[in-house]
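Chemist: One-letter residues, chain by chain:
Protein chains: 2
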Amino acid sequence: MESTSFIRFLFLILAAVVLLLFTRSWIHLPSPAADELDLLDCNRFSSWCTSKNRIQTKQTTPSSSSSTTRSASSSSAAVRDHSDDVPRHPLDPLTLREISAARSILLSQPPFSSSPSSVIFHTLTLSEPDKSSVEAWSKGSPLPARRASVVARFKGESYALTVDLASGALTTLPIPASGFPTMTIEDMSSSTWAPLSDAAFNSTVLARGVRLSDVACLPISPGWYGEKEEGRRLIKVQCYSAEGTANFYMRPIEGLTVLLDMDTKEVVSISEQGRGIPIPKSAGTEYRYEAVAGFNDDPPRLGLKPISIEQPAGPSFEVEEGGHMVRWAGWEFHLKADARAGVVVSRVRARDPDTGEWRGVMHKGFVSELFVPYMDPTDAWYFKTYMDAGEYGFGLQAMPLVPLNDCPRNAHYMDGVFAAADGRPYVRENMVCIFERYAGDIAWRHSESPITGMDIREARPKVTLMARMAASVANYDYIIDWEFQTDGLIRVKVGLSGILMVKGTPFSHLNQFPQNEDMYGTILSENVIGVIHDHYITFHLDLDVDGANNSFVKVKMAREDANPGESPRTSYIKATRQVAKTEKDAQIKMKLYEPSEFHVINPSKTTRVGNPVGYKVVPAATAASLLDHDDPPQRRGAFTNNQIWVTPYNESEEWAGGLFVYQSKGEDTLAVWSERDRAIENRDIVLWYTLGFHHIPCQEDYPIMPTVSASFDLKPVNFFESNPILSAPPNFEKDLPVCVAAAASA
Amino acid sequence: MESTSFIRFLFLILAAVVLLLFTRSWIHLPSPAADELDLLDCNRFSSWCTSKNRIQTKQTTPSSSSSTTRSASSSSAAVRDHSDDVPRHPLDPLTLREISAARSILLSQPPFSSSPSSVIFHTLTLSEPDKSSVEAWSKGSPLPARRASVVARFKGESYALTVDLASGALTTLPIPASGFPTMTIEDMSSSTWAPLSDAAFNSTVLARGVRLSDVACLPISPGWYGEKEEGRRLIKVQCYSAEGTANFYMRPIEGLTVLLDMDTKEVVSISEQGRGIPIPKSAGTEYRYEAVAGFNDDPPRLGLKPISIEQPAGPSFEVEEGGHMVRWAGWEFHLKADARAGVVVSRVRARDPDTGEWRGVMHKGFVSELFVPYMDPTDAWYFKTYMDAGEYGFGLQAMPLVPLNDCPRNAHYMDGVFAAADGRPYVRENMVCIFERYAGDIAWRHSESPITGMDIREARPKVTLMARMAASVANYDYIIDWEFQTDGLIRVKVGLSGILMVKGTPFSHLNQFPQNEDMYGTILSENVIGVIHDHYITFHLDLDVDGANNSFVKVKMAREDANPGESPRTSYIKATRQVAKTEKDAQIKMKLYEPSEFHVINPSKTTRVGNPVGYKVVPAATAASLLDHDDPPQRRGAFTNNQIWVTPYNESEEWAGGLFVYQSKGEDTLAVWSERDRAIENRDIVLWYTLGFHHIPCQEDYPIMPTVSASFDLKPVNFFESNPILSAPPNFEKDLPVCVAAAASA
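Chains as they are written, first to last, in our numbering: chain W, 1 to 746; chain G, 1 to 746.
Because the hints were derived from the structure by calculation, they are not lab data.
Treat the hints with caution; some may be incorrect.
Copies of the same chain look alike in the list, so a pair counts if it fits in one copy or across any two.
In silico DMTMM-like pairs for lysine to aspartate or glutamate, Cα to Cα no more than 25 Å straight-line [stated by the list, open to error]:
#1 Lys-556 <-> Asp-628
#2 Lys-589 <-> Glu-560
#3 Lys-556 <-> Asp-684
#4 Lys-591 <-> Glu-560
#5 Lys-305 <-> Glu-320
#6 Lys-554 <-> Asp-518
#7 Lys-228 <-> Asp-261
#8 Lys-574 <-> Asp-379
#9 Lys-574 <-> Asp-630
#10 Lys-574 <-> Glu-560
#11 Lys-589 <-> Asp-628
#12 Lys-305 <-> Glu-357
#13 Lys-574 <-> Glu-517
#14 Lys-589 <-> Asp-677
#15 Lys-305 <-> Glu-286
#16 Lys-493 <-> Glu-429
#17 Lys-493 <-> Asp-713
#18 Lys-556 <-> Glu-681
#19 Lys-605 <-> Glu-357
#20 Lys-305 <-> Glu-483
#21 Lys-665 <-> Asp-677
#22 Lys-589 <-> Glu-681
#23 Lys-589 <-> Glu-667
Isolated chain W, as found in the complex (with noise of 0.2 Å):
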C-alpha cells in the first residue's frame, strides 16, 4: 500500500471511529450484559446439545476454518446472557429456569420417577395458552398459566405430556398410532458413529478404499415402507469419504448402507449395492473461502469491493424488553425461535393509518412441515423422503447466523432457548436475526410523462422489515425470511442453498452411461450423480383477519364471453366469488388457465364502501407433486397433494405430517384431517401453503448449491380503505443518512 493511501486509509477509519461513536447510542436495541457467559456453555446445561462426532472432528476440521468462526463471533454483537430470562408475553418461549422446573417435575413423578437417567426429552417447549387467552391478555396483566408441552421417551416408549409448571401437575395426552417423536440431535449424532462399532461395516469400508478415520457418515430418517423391523426405532446411515475435503457429501461411498436401531444402536442389517463404484476425487470440492486456490488475490477474485447497508441513526425497529415483541412502521409482531418449526410469527398487527387502531391479521404463522422426496427407487435411495421438521427438527437444524454473511451488518440477533436430551435447556445463540432490508427497490413510483405536462416524479424507496432463520439439515441449507413491508404485505420467503446430496457412479463422461438405464439426474463431475429431488415446504398460516371468525373465499377467473352485438369485444375475464363452505371447497389444485385468487376474509366487517376486509395469499406455483397418492412417501406427504387447505382451527392439528412424523404411515396427516370435510365458514380457519422446487441438478451445483428461492405473499385485500404506503416517507434529502447529505452539498 502506498504512503497516500495509507493515510487515505488511516483518515477514513479514524471517521469511521467518529461516525460510530457518536450513533452507537442512538441505538435502542437491548443492550445485553456481558458477564455470566458460562451460562451460554452448551456443557453446562446438556452433554447433548452439541455432542460431537468424535471422528469427524479430528479428521475435518482443519485450522483454517476456525479462523472463519472466530472472525464471524469477533464482529457479532455480544453474546447474550439469559439467565434471569422471564417471560413477559404469553407466547414467550420457556426461559431456561422454566425448562429446568418443568424437567425437574416431571422427573420427579411417575413413571419418570422410577428412572429419570431413562428419560429422553425428544420435546420440551412451551404449551401455548389457548387462543383466548392470549387474546385476552393485555401488557401488564398476569400471564396465563405456564405449561410446558413435553414429548418424551421413556423404557421404549413415546409419551405426550403437559406439565403446569405453576401447580406442578402433569398431564398425559393421546399419542399418534403410528410413528415416532422428532429426533434428538443425540439420537443423530450417535448414530452416525454406531456403525464403527460393527467389523463386517469397517471392513467393507476398508475394501473400498476409505481409510476409518476419513469415514463421515449421515443419519437418514428411513420413512415408513412396511418392512417387518417396523416396530423398533430405525434409522439408515450412509457414509461419505472426508478426506481431503470439508465437502464430504461429494465423495459418497455409493451403495453403503447400514440399518441401525436407534434406540440400541445395534445393526439390524448392512446394504452393499456399491462395489465397483469409486468414491469420487476430492479435488475440485473444497468450498471453504480460505481453502479454495486464489484466495489471496489482490483484488479479491471477480473484483468486488465492499458494499453495506448503513443505518446511521440507527434502526427503526424496537423489540421490546423480553426480547419476543418487534415493532416497525406499523407492524407488531411476536417473534420466537422454536426447535421444530424454526421460527415463529405470533400475533401479527397491522396499525390502520387512519384510525390508528391495531388490527389482526395472523395468529400464527411458521413451517409446519417439509417433504424431500428423492427420485430414485434403488436400494441406496428408495427411503429418502426426509420431513425435515418432524423427523430432525428444523430449528434444532438452525445454526448460529454470522453477522455480515448471513444477515447484514444492521441485523439484530435474537436466540433460541431449546431442551436438549437430557431435558436441560441450553441457549442457541444468534439463531434468528431481525434487519431493515432496503435494495434499492421501489416500494411506488409515478412519474408524470411529457404528455399531460405535469411535472411529477413520486417515489417511495422500500424499506421492509426481515426475520430470518437458517436450518443446516445436513447438507441442505434452508433460509427463512418473513418480510414486511410499509403497504401491509406479508413475503416469506425460503431459499434452498448448501450442498447436493449426490450419488456415486462408476461412469466418468455422459456417454458411458447405457443409453437404456436410467440415470435419476444429472452428471455433475467424474463419479458424481446429481440425483432429481423435490422440495416441499408447507406453512401453517393462522390468520386472524380482524378477529378469529373469518371465511376462504376463491376468486375465480375465467373467460367471459360478451353477448352478440353489445360490443366489439367478443371475450373478456370476469371474476366470481365462492366462499368455502366446507374443508373439500378448499383444497385448491393450481392451474395456469385456471387462475384464482385466494381471500381470508372476515365476513362481518366490510370497509366504507362495502367491501370485506381481508388478506390474500399470493402463491408461486412452483412445482406440484407428481408422485403417486399411494405410493408411502407420497401417503406420509399427502400434506402436499394439494397447494392450498384450509382447516377450522384445532390446537392439536400444527403439524401437516403428523405430530409423530417419523416413520409414521400417514394416518395423521393434514390430507387426513382435511377428509373430514368440516365447516369452515365465518369460522375460526388455518390456510396451509405449500411451496414446491423440482430439483434438477445440474453442474453449476458443483460442488455447492447458490441458493435458489421462492415464496408468497400474504396482501391485504380491501383490508385498508386506501394504501398505507402514501405515508411511507420518500427517501429524500430530508430523511438521508447524513453521509449522504454531505455528499451532495460536497
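Following the hints, put chain G in place on chain W, whose structure we already have.
Modeler: Just chain G now, kept in the frame of chain W:
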C-alpha cells in the same frame, strides 16, 4: 434539538465529510464535464420533446411539486454533455450528430425534399449492423458502417427506410400490410388538448360540472375492431377532472370518449354514455408526499430512519468510455436506452472462471412488446387493450430516474439520446441506472450441524449488478430490471407501479350495485371502480450460448412407475429431454402438473463430463391470457397465446406485435411467424418469454398502486464446469467497508 445532540450532529457531519472526501477519488466512473449544459435543453433540439399541455400545466402543478423536482436534481450527478459523443462500439446508439446527419440526409432527398417540414419522424434509431459483423468487430477496429433506421410519415403515407450515414444512401424498405408507426410524443400530447377545440365536447364537459381549465385528457390507442374509419390514423381521448388533486386519474369523466383523427386532429365522433355518473371526489386522492396531510410530522409517519447502501471504496463495475460497455464480476455487456424497447442489453458475455475465456450468453435481450387488455366490453372500455411498446414507445415514456428514490445512492446513470417528431435529437437524462445491489441476501451458505461435529459456517452474501429503467405510460409505471449475479444467473424483473386506470360509477357502496349486473371490477372508493385487467410483457431473448447455433430442449418431468418388486417405492419423477426440431415444438403453455425445464443449449459443445452447455429460462408462471383467440385484441396480442416461443433468428422479427402495431390487425405477430414452423434445431434461435399478471384491483390500489413485481431467470445449466460463486468473496472483515471494521473494533 438539545445542545449535546447538536454537537453530536456536527461531529457526524464532519466525520461524514472526511469519509466522503477520501472516498470520492476512488470512484472511477466517467466524470462528465458540466459545461455546455444548453445541449441538454430539449427545446434547442426540438419543439416537441417536452411539449406541454397548456391547460394542465397551469392548473395542476402546484409549487410544492417543483421543490420535489429540485431536490431530486440537486442530489443527482452533474448533467452530461453529449455534444462530442462519438460511437465506440458497433451497437452504440446514434449520437446527437448522427441523428442530425440522418435527418439532413433524409430531408434532402425525394420525395421528402419536396416538403421537408411535412416529414414526421416516428423512429430514428441505429440500424444495427448484422450479427456477424458485430461478432467479428474488436476494440480498436473501425466500426461497421453506421446506418440509421427511420420510420416516417409523409403526406399521409408511412415509410420505413435505412439511411447510410457515410454514403448518404437512402434505402426504402417494405412496410407491413396494416397498422401505423409508434406515436410520437407530439401525437399524444396534441391529441389530449384537441377535443377542447370542439364546442360539443366542451359543452358536455361543462354539463358534467367540470371546468374546462380542470380538464386533463389521455390519448388512448383504439386498437382495431374493423371500424368503418379504419383507414385513418385514429385515437380515442378520455378526460378527467384535475381539480383539487394531481391524481386526476381517480376523477374520470366516465363514459365520455372522443374519437379523433390523429393526423388532422379532427373530432370524428363523441360518445357520451356517462351522464348520470358523478365525477369521483378529489379528497384522499393526492399522492405527492408534500401534499399529503401530516407531511410535517416529526418524526416522519411510520418512523422510518434513514438507510442507505454504501460503497466506501466506490462501485466495482466499470462503464467503458463511450458509456455503453459495462463490466462487473465476470460479466460484460452492452447497455443502451431505446425509444421503443426502453432498454436493450446486448453482447452479454460471462467469463469462465476456469479458463478466463469470455463466453457468449445472449446477443440481445429487451422488452419486445406489452399487452394490457382491460376486462370490460362496454363502450368506453372495450378498446383499452394497450400495446405500450409499439403504440406509445416504451422508451419514449421513460422519464428521468430520480436519484435516491428510483435508484440508490451508489447508482450510475445513463442518458437516452432520441429523435423527436421533427427528427432533431434530444437527450433524455438519467433514463437508465446501473448499481450494485446488496440487500442482505445470501448467495450461498452452508453450516455444518453438530451431527457431523465440523465447525463450519460458510456464506457468500449476495451482491448483484442492476440495470434499471422505468417507463410511465400515462397512469402505469413499469420498472424493468436486468440483474446479474455472480453465479452466472441473469434475473429479469418487471415491476408494475403507478396509478390505476379507474372507471366512474353512479354507486358509492357495494350494496347499491344491481345483483345481476357485472361490475367488471371492484369498488375502490365512492363512485370509483378498479377494472380487472391483465399485463403481459413479452421479452425477445436472443440467446447465443457459446456461439450462434443453439437448440431448444424441453426437459420434461413426469411420473414414472417403479417396476413392481424392484423397489418399496411405486413412483418417482423421471426427466426426459426433447430437442425441438421446428417452431411448433417450442410453443409452450405451462402446466403445474406437467412441469418442464426449458434449455437453450449449444449442441456442439459439452462439458468435461459430457453435458451440453446451456442456459435455461426459469419462468414465473404468473398468468396466461384467457381471451378468445379470435377476439380482435387477442389476435393482435397473439404473441401471448403461449408463454414461450422459439423462432429462428430473423433480423426483421424483433417486435412481437409487429413493426406497425398501432391499429394493426395482427398479421405481423410472433404467433403468425411461428406458424410457419421453421426449423430451429442447431440454428441461431431467439427465445420469447412472456411474463403475465392478472390484476383484480382492491382498495389497496387506491389512490395509488404499490409496486407488484414478477421475474424470470436466465440460468446457466451445465454452462460452467462448477459453480463460479466459489470465487466470490464472503463479506468478512477483509473485504468490509472500513466503517464496519471500525465498528467491530470499537
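Chemist: All hints, please: hold or fail.
Modeler: Status of each hint after checking the structure:
1. Lys-556 <-> Asp-628: Answer is between; shortest inter-copy Cα gap is 17 Å, intra-copy 28 Å.
2. Lys-589 <-> Glu-560: both (22 Å within a copy, 21 Å between copies)
3. Lys-556 <-> Asp-684: Classified as within: same-chain Cα gap 23 Å, cross-chain 41 Å, threshold 25 Å.
4. Lys-591 <-> Glu-560: both (18 Å within a copy, 22 Å between copies)
5. Lys-305 <-> Glu-320: Intra 36 Å, inter 18 Å, cutoff 25 Å: inter-copy only.
6. Lys-554 <-> Asp-518: Cα proximity of Lys-554 and Asp-518: across copies only (18 Å, versus 41 Å in one copy).
7. Lys-228 <-> Asp-261: within (13 Å within a copy, 84 Å between copies)
8. Lys-574 <-> Asp-379: between (52 Å within a copy, 17 Å between copies)
9. Lys-574 <-> Asp-630: For Lys-574 and Asp-630, only the inter-copy Cα distance (18 Å) is at most 25 Å; the intra-copy one is 37 Å.
10. Lys-574 <-> Glu-560: For Lys-574 and Glu-560, only the intra-copy Cα distance (6 Å) is at most 25 Å; the inter-copy one is 38 Å.
11. Lys-589 <-> Asp-628: Classified as both: same-chain Cα gap 16 Å, cross-chain 24 Å, threshold 25 Å.
12. Lys-305 <-> Glu-357: between (45 Å within a copy, 23 Å between copies)
13. Lys-574 <-> Glu-517: between (49 Å within a copy, 12 Å between copies)
14. Lys-589 <-> Asp-677: Within one copy, since 17 Å is at most 25 Å while 34 Å is not.
15. Lys-305 <-> Glu-286: within (24 Å within a copy, 42 Å between copies)
16. Lys-493 <-> Glu-429: Answer is within: at 22 Å inside a copy they meet the 25 Å cutoff, but 36 Å across does not.
17. Lys-493 <-> Asp-713: The answer is both: 9 Å in one copy and 17 Å across copies each meet 25 Å.
18. Lys-556 <-> Glu-681: within (18 Å within a copy, 40 Å between copies)
19. Lys-605 <-> Glu-357: So Lys-605 and Glu-357 pass the 25 Å test inside one copy only (15 Å; across, 63 Å).
20. Lys-305 <-> Glu-483: between (27 Å within a copy, 18 Å between copies)
21. Lys-665 <-> Asp-677: within (21 Å within a copy, 51 Å between copies)
22. Lys-589 <-> Glu-681: Cα proximity of Lys-589 and Glu-681: one copy only (20 Å, versus 35 Å across).
23. Lys-589 <-> Glu-667: Result: close within a single copy only, 22 Å intra versus 37 Å inter.
When the structure is compared with the earlier hints, no violation turns up for any of them.
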